[in-house]
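Kindly generate the complete structure, drawing on both the sequences and the hints.
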Amino acid sequence: MTKIADYERRGFEQTEAWVFDLDNTLYPADCNLFSQIDKRMGAFIADRLDVTPEEAHRLRKHYYYTYGTTLAGLMRLHDVHPDDFLEYVHDIDLAVVEAAPELGAAIDRLPGQKYVFTNGSMQHAERVLTKLGLSDHFDDMFDIRSAEFIPKPDPVTYDRFLKAHGVSATEAAMFDDLPHNLKPAHALGMTTVLVACGATDHPDHHAIATWTELPSHIHHQTDALAPFLREVYARLIGEAEPEQPDFSDAGFRTG
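In our numbering, each number is its position in the sequence shown, counted from 1, plus 50.
Bear in mind the hints are in silico, worked out from the structure with no lab data behind them.
A few of these clues could be false.
Computed cross-link-like contacts, DSS-like style, restricted to lysine-lysine with a CA-CA straight-line distance of at most 27 Å [to be verified]:
hint, residue 1, residue 2
1, Lys164, Lys213
2, Lys111, Lys89
3, Lys164, Lys233
4, Lys213, Lys89
5, Lys213, Lys233
6, Lys111, Lys233
7, Lys164, Lys181
Derived DEER-like restraints, expressed as beta-carbon distance ranges [what the hints assert, rightly or not]:
hint, residue 1, residue 2, range
8, Glu63, Leu99, 49 to 55 Å
9, Asp129, Met172, 20 to 26 Å
10, Ile287, Thr262, 31 to 37 Å
11, Thr102, His131, 19 to 25 Å
12, Glu289, Pro132, 43 to 49 Å
13, Gln64, Val146, 32 to 38 Å
14, Gln173, Ile200, 18 to 24 Å
Because the structure is a prediction, the values reported are computed rather than measured.
We put the CB at the ideal spot given by N, CA and C, even for glycine.
Following this line, the structure appears as structure tokens:
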């Protein structure tokens, strides 16, 4: 059970830009699309570098944790063209992703601009948003190409996103499923929301389950994004209760 605890300490009254990660944020992490992407990354590495599947798996993890993405390591160390990699690894089955009309309606009600900010490719984002039925609910997208292949959580990429769209960090809220991606956002002055709707094998997801309180760089946590956004909207227009009632259905948790 979760409750709002002093929402006013870091509310959304000044928010003019709503910035959403894509994977495991706009759809539940339980869809586990990354398991498909992970297998295709391993196959790509094994074929391109002529190594065993086991060595490909080791290299993938090493590049991810060393350079921020597997692609960054492959580009830096093996001169891999990013288009070849992105096209191959994102050729996945999206059947498990269901349309999200309630989420779309909740996003539409929010005042200001809405953006997708992803380490994936534009083509992958477009496919996923189409499957979710959310293609028309965002003003723009910022993908790994827009970031010049420097992924989150590198602070340079957040600066590039803000400048590209004329967004003021102190008037922006960022939603992401990985706590470490919210650290640079918090440092810039953005309101941060951890979307923890399901889990994968990512170490960050395992760590979340052990928390007894939110880290200082995370203002809110939710396990249900659409109800959370509906509650945010209700508070913005003054329809929420003035007390601090239980909003467990909205997955609201504040730190």
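Verification of the hints:
1. Lys164 <-> Lys213: Status holds; Cα separation ~15 Å.
2. Lys111 <-> Lys89: 12 Å, holds
3. Lys164 <-> Lys233: Satisfied, since the Cα-Cα distance of roughly 20 Å is no more than 27 Å.
4. Lys213 <-> Lys89: Given that 27 Å is the threshold and the Cα spacing comes to 35 Å, the pair is violated.
5. Lys213 <-> Lys233: Holds. Lysine 213 to lysine 233 sits at ~18 Å (cutoff 27 Å).
6. Lys111 <-> Lys233: 21 Å, holds
7. Lys164 <-> Lys181: 18 Å, holds
8. Glu63 <-> Leu99: 49 to 55 Å: 51 Å, holds
9. Asp129 <-> Met172: 20 to 26 Å: 23 Å, holds
10. Ile287 <-> Thr262: 31 to 37 Å: 33 Å, holds
11. Thr102 <-> His131: 19 to 25 Å: 23 Å, holds
12. Glu289 <-> Pro132: 43 to 49 Å: The hint (43 to 49 Å, Cβ to Cβ) holds, given that glutamate 289 and proline 132 are roughly 46 Å apart.
13. Gln64 <-> Val146: 32 to 38 Å: About 37 Å separates the Cβ atoms of glutamine 64 and valine 146, which means 32 to 38 Å holds.
14. Gln173 <-> Ile200: 18 to 24 Å: 19 Å Cβ-Cβ, so the 18 to 24 Å window holds.
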